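Letter by letter, the chains look like this.
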Amino acid sequence: MSRRFDLLTVYAVVFVIFLYGPMLLMPLFSLNQANFATFPIEGLTLKHYGEMAQNTSMITALKNSLLLGIGVSVTATALGLPAAMAFTRHRVPGSAGLLSFIMLPLVVPSIVLGVALLVILLRVLGVPLSLWTVAAGHLMLCIPFGMTVLMSRLEGFDRSLEEASGDLGATRWSTFRRITLPLAMPGVISSLLLCFIISFDEFVISFFLTGTQNTLPVFLYSQLRFPNRLPGTLALGTLILLGSAILVILAEVLRRRGTPSSNPGEL
Amino acid sequence: MSKPIIQLQNVSKDFGTFRALHGITFDIGHGEFFSLLGASGCGKTTLLRILAGIEDPTQGELLIDGQPMKGIPPNKRPTNMVFQSYAIFPHLSVAENVGYGLPYLNVSKAEAKTRVADALAMVKLTGLDDRSANQLSGGQRQRVALARALVCRPKVLLLDEPLSALDKKLREEMQHELRALQRTVGITFVFVTHDQEEALTLSDRIAVMSGGKVLQIDTPDGLYKRPASREVAGFIGTMNFFPGEVMVQSPDGVTVDAGPLGRLVAIGSGAVVGRPADIAVRPEKIRLEPAGQGQLRGKVRSIAYLGDRSHLLVDIDGLDAPVTVFSSNAEGERAAVSVGDPVGLSWDTAAARLLTA
Chain Y
1 MSRRFDLLTV YAVVFVIFLY GPMLLMPLFS LNQANFATFP IEGLTLKHYG EMAQNTSMIT
61 ALKNSLLLGI GVSVTATALG LPAAMAFTRH RVPGSAGLLS FIMLPLVVPS IVLGVALLVI
121 LLRVLGVPLS LWTVAAGHLM LCIPFGMTVL MSRLEGFDRS LEEASGDLGA TRWSTFRRIT
181 LPLAMPGVIS SLLLCFIISF DEFVISFFLT GTQNTLPVFL YSQLRFPNRL PGTLALGTLI
241 LLGSAILVIL AEVLRRRGTP SSNPGEL
Chain B
268 MSKPIIQLQN VSKDFGTFRA LHGITFDIGH GEFFSLLGAS GCGKTTLLRI LAGIEDPTQG
328 ELLIDGQPMK GIPPNKRPTN MVFQSYAIFP HLSVAENVGY GLPYLNVSKA EAKTRVADAL
388 AMVKLTGLDD RSANQLSGGQ RQRVALARAL VCRPKVLLLD EPLSALDKKL REEMQHELRA
448 LQRTVGITFV FVTHDQEEAL TLSDRIAVMS GGKVLQIDTP DGLYKRPASR EVAGFIGTMN
508 FFPGEVMVQS PDGVTVDAGP LGRLVAIGSG AVVGRPADIA VRPEKIRLEP AGQGQLRGKV
568 RSIAYLGDRS HLLVDIDGLD APVTVFSSNA EGERAAVSVG DPVGLSWDTA AARLLTA
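If you read the protein sequences in the order shown, they are chains Y and B.
1 is the number of the first residue of the first sequence in our numbering; add one for each residue after it.
268 is the number of the first residue of the second sequence in our numbering; add one for each residue after it.
Hints should not be assumed to be uniformly reliable.
[Stated by the list, open to error] Examples of chain B residues lying across from chain Y (beta carbon under 8 Å, computed):
hint, residue
1, PHE293
2, ILE321
3, THR325
4, ASN342
5, MET348
6, ALA354
7, PHE356
8, TYR367
9, LEU372
10, GLY478
11, TYR491
12, LYS492
Hints listed in this document are in silico derivations from the structure and should not be mistaken for laboratory results.
Every value quoted in this text rests on a predicted model; they were computed, and no experiment measured them.
C-beta atoms are modelled at their ideal positions from N, C-alpha and C, and glycine is treated no differently.
The shape of chain Y in the complex, shown without the other chains (with noise of 0.2 Å):
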């Protein structure tokens, strides 16, 4: 019994190491003196740190990045809530097959998505290339995203629920704010944030439709040439993992002192 235990323990350790040991190197090698990311270590500095504030291509790609994540994932979640009610609360004609249009994007190839909205942009809409084609290419991508997240937290809470705020007298749009969306508030967020993360490390449809702005993957993947640079790539990546961290562990905290669940105390 306990022979078995400690095999499973040594498993889960080394199933550990190997899931987050390569993402603490980063880190480790972020604080080495030397310009080069080998061991050993020959001791630690924050001059990367300063090195890489002095950047400013790297923090304009960053802001990039940034503002893009915040726009595409606030305008994901604001057309995927309205589609996720429609898809859970009516019977749309033609849904199976409509949904799986929506769907799509999921299982395209982000190479193929990426070389077709090119062709599309340049050669038949004319449109330069900008942020904001990167932004059209991104949307694309998180609706459904943001849209499997909404409707699985819509199809779970009672229908009776809408139906009563109306029968007490409130309006669609009424029991929308006072009942529907505060009850998808956990959808809501969730769609929000895994859509911005979408976005922000989204490299292969950015480097197609991006312009003469940088987004940050497609910023760093050109500074790779550059080994001198290196160590101040690894230094935003750290504060970019410790970012991403508090972000997932705030998200989580709300989410279990948030909203319950959706038929509490049903017997």
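Given chain Y's structure and the hints, the job is docking chain B onto it.
Chain B alone, transformed into the frame defined by chain Y:
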């Protein structure tokens, strides 16, 4: 009777190709406690949802307080509903739940507060105002749902099996409270239930429904004593049926040839000589006689002792199902029979009803 509060005229409802309601026509009076009784799938909940405006009838007309309801959404109707699941808003407190509908009635803040307090007092939840809806027991949730609907002072309160989720003891308690509450507020209650005992206990009148049709509308006593069809008779209480063929009609009753059981006489209309008919007798109307006497002869199959009375099953030669007999255990009335004893069964002609449908 003054003008009815609810008038249903030939109301039908289709879901795709399935017809859930067939031409329903009846009225409900002011201040009535009216029940829609039927097995699940009989259309009673659909009818209630049509009254609430959540579903639209495919055909027919509905008037509430004389006003046609066609095209009027639920939020504009003088009805409020207590949902089967109670539909308590989980993110709001008890007081916020109860006061939910008041902003739509142009009630001042001060009056809203008084009304919520009064409503909570009425359902005995005073002091729980700030309690989260999640911390309530089943019975309390039911009371919140009631208060939330009544606080809007509807002309008609619709209740969709509100007691089915409660345990037996609580259910009986709530039945009495519900009836007392309805008398106090004087509002028309339309109550959906599949529990015939509940319907009999609470209602002024009951509509028995089956397969999307109304079989019979009557008072509880009327339904019990004068069921119009075999289906209603079987649904309300326990009933013994003796099938046969109509032989003779006379002012004293209808004589039926019940095959191996011989000739039986019953009261009822609609008999046609030569057509099949059933004679229906309630178990408490049947008397146990010494062996060899009475209209029917049989043998006791089983006896269930229930304190004040016993329920006996008696096998009759020539009848597939045993006859149920409720026998009083009161002093001096107790029948001294045991399982396997041959007995006779008898009843007054007035207790036997002829059913042709």
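Hint check:
{"no.": "1", "hint": "PHE293", "result": "violated (22 Å)"}
{"no.": "2", "hint": "ILE321", "result": "holds (5 Å)"}
{"no.": "3", "hint": "THR325", "result": "violated (16 Å)"}
{"no.": "4", "hint": "ASN342", "result": "holds (5 Å)"}
{"no.": "5", "hint": "MET348", "result": "holds (5 Å)"}
{"no.": "6", "hint": "ALA354", "result": "holds (4 Å)"}
{"no.": "7", "hint": "PHE356", "result": "holds (6 Å)"}
{"no.": "8", "hint": "TYR367", "result": "holds (5 Å)"}
{"no.": "9", "hint": "LEU372", "result": "holds (7 Å)"}
{"no.": "10", "hint": "GLY478", "result": "violated (25 Å)"}
{"no.": "11", "hint": "TYR491", "result": "violated (32 Å)"}
{"no.": "12", "hint": "LYS492", "result": "violated (37 Å)"}
In the structure shown, a violation is registered for the earlier hints numbered 1, 3, 10, 11 and 12, in ascending order.
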